[in-house]
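*Asks:* Chains as they are written, first to last, in our numbering: chain A, 1 to 108; chain B, 1 to 108.
Hints are not guaranteed to be accurate.
Stated by the list, open to error - Some chain B residues well away from chain A (every beta-carbon gap over 10 Å; in silico):
#1 GLY25
#2 ALA30
#3 ALA37
#4 THR63
#5 ALA97
To be verified - Derived pair list, reagent style DSSO-like, types lysine-lysine, alpha-carbon separation capped at 27 Å:
#6 B:LYS98 to B:LYS6
#7 A:LYS105 to A:LYS3
#8 A:LYS6 to B:LYS72
#9 A:LYS72 to B:LYS98
#10 B:LYS98 to B:LYS3
#11 A:LYS98 to A:LYS3
#12 B:LYS72 to B:LYS83
#13 A:LYS105 to B:LYS85
#14 B:LYS87 to A:LYS72
#15 B:LYS3 to A:LYS83
#16 A:LYS105 to B:LYS72
#17 A:LYS83 to B:LYS105
#18 A:LYS87 to A:LYS105
#19 A:LYS87 to B:LYS105
#20 A:LYS6 to A:LYS105
#21 B:LYS72 to B:LYS105
#22 A:LYS98 to B:LYS87
#23 B:LYS87 to A:LYS3
Because the hints were derived from the structure by calculation, they are not lab data. Remember, it's a predicted structure, so these values are computed and weren't measured experimentally. Even for Gly, the Cβ is constructed at its ideal location relative to N, Cα and C.
There are 2 protein chains.
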Amino acid sequence: MPKFAKTPEPPYYAVIFTSVRRDDGYAQVAERMVELASQQPGFLGVESVRGADGFGITVSYWTSEEAIAAWKANVEHLAVQEKGKQKWYEHYDLRVAKVNRAYSKPAA
Amino acid sequence: MPKFAKTPEPPYYAVIFTSVRRDDGYAQVAERMVELASQQPGFLGVESVRGADGFGITVSYWTSEEAIAAWKANVEHLAVQEKGKQKWYEHYDLRVAKVNRAYSKPAA
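Required output: the full structure, derived from the provided sequences and hints.
*Replies:* What follows is the structure, encoded as structure tokens:
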């Protein structure tokens, strides 16, 4: 999967997820979640980095709020969300935002 | 500076900056930019991670679009933006988004 998400012209939506992970039994699950998300209607792409200290930022991009709600309600994803809360994440913040403008270099 | 930004109840704004950095003569400049941004009116916080491969995500949070525009127009920041385009970044994407909802663990 490429590092940069290829997103269309705004508007579209972003889910900004910042977290500190408690252990590293999660790498395979994270890969599976990206695979699963990318099969969801309205998925546009994902960008993700985690530092050696366990702090990470993942931003996923979606066509609509409805697409985000459907992904949140995905049964396999729900189970992982629960395990994330109980086990993997010391702390996280999740923000849902509407992207209104975008710039890049080189220009798309 | 703490890893997680302490942001108020939405709505507020986020600038999502994803990039690949070409060289590492930038660390001090990045620190200075965070210091300078945090003195700007309307600055709420910043979260940033860069991987060993040079790919990074920085999200800064702001009270308003006007605050973002003022930061973009800051003279010292403008010079760094230009150098970033010319020298430091192979590629970047910058997205301006309005945060409508936020959740966290533990609940704030």
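*Asks:* A separate judgement is required for each hint: does it hold in the structure or not?
*Replies:* Evaluation of the provided hints:
The Cβ of GLY25 (chain B) lies farther than 10 Å from every Cβ of chain A, with a closest approach of about 18 Å, so its non-interface assignment holds. Against chain A, the non-interface label of ALA30 (chain B) holds: every CB pair exceeds 10 Å, the least being about 14 Å. Distance check for ALA37 (chain B) against chain A: the nearest CB is about 17 Å away, which clears 10 Å, and the non-interface claim stands. At roughly 14 Å from the closest C-beta of chain A, the C-beta of THR63 (chain B) stays outside 10 Å, upholding its exclusion from the interface.
The beta carbon of ALA97 (chain B) is not kept farther than 10 Å from every beta carbon of chain A, the shortest such distance being approximately 4 Å. A distance of roughly 16 Å separates the Cα atoms of LYS98 (chain B) and LYS6 (chain B); the hinted pair therefore holds under the 27 Å criterion. Restraint check for LYS105 (chain A) and LYS3 (chain A): the C-alpha separation of about 15 Å stays at or below 27 Å, so the hint holds. For the given pair, LYS6 (chain A) sits about 24 Å from LYS72 (chain B) by alpha-carbon distance, which is consistent with the 27 Å threshold.
Distance check on the hinted pair: LYS72 (chain A) and LYS98 (chain B) sit about 20 Å apart at the alpha-carbon level, within 27 Å; holds. Annotation: proposed proximity of LYS98 (chain B) to LYS3 (chain B) holds, straight-line Cα distance about 21 Å (limit 27 Å). The straight-line distance between the Cα atoms of LYS98 (chain A) and LYS3 (chain A) is roughly 21 Å, inside the 27 Å bound, and the hint therefore holds. Of the supplied pair hints, the one linking LYS72 (chain B) and LYS83 (chain B) holds, its CA atoms being roughly 14 Å apart against a limit of 27 Å.
Pair hint LYS105 (chain A) plus LYS85 (chain B) holds up; C-alpha atoms about 7 Å apart against a cutoff of 27 Å. Distance check on the hinted pair: LYS87 (chain B) and LYS72 (chain A) sit about 40 Å apart at the alpha-carbon level, beyond 27 Å; violated. Only pairs whose Cα atoms come within 27 Å are accepted, and LYS3 (chain B) paired with LYS83 (chain A) is accepted, the gap being roughly 23 Å. With a C-alpha separation of about 16 Å, the suggested pair LYS105 (chain A) and LYS72 (chain B) falls inside the 27 Å cut-off, and the hint holds.
The suggested pairing of LYS83 (chain A) with LYS105 (chain B) holds, with an alpha-carbon distance near 13 Å, which does not exceed 27 Å. Simply put, LYS87 (chain A) and LYS105 (chain A) have alpha-carbon atoms about 39 Å apart, too far for the 27 Å limit, and the pair is violated. Distance check on the hinted pair: LYS87 (chain A) and LYS105 (chain B) sit about 12 Å apart at the alpha-carbon level, within 27 Å; holds. Taking the CA atoms of LYS6 (chain A) and LYS105 (chain A), the gap is near 13 Å; set against the 27 Å cutoff, the hint holds.
For the hint linking LYS72 (chain B) to LYS105 (chain B), the alpha-carbon distance of about 32 Å lies beyond 27 Å, and the restraint is violated. The straight-line distance between the Cα atoms of LYS98 (chain A) and LYS87 (chain B) is roughly 30 Å, outside the 27 Å bound, and the hint therefore fails. The straight-line distance between the Cα atoms of LYS87 (chain B) and LYS3 (chain A) is roughly 20 Å, inside the 27 Å bound, and the hint therefore holds.
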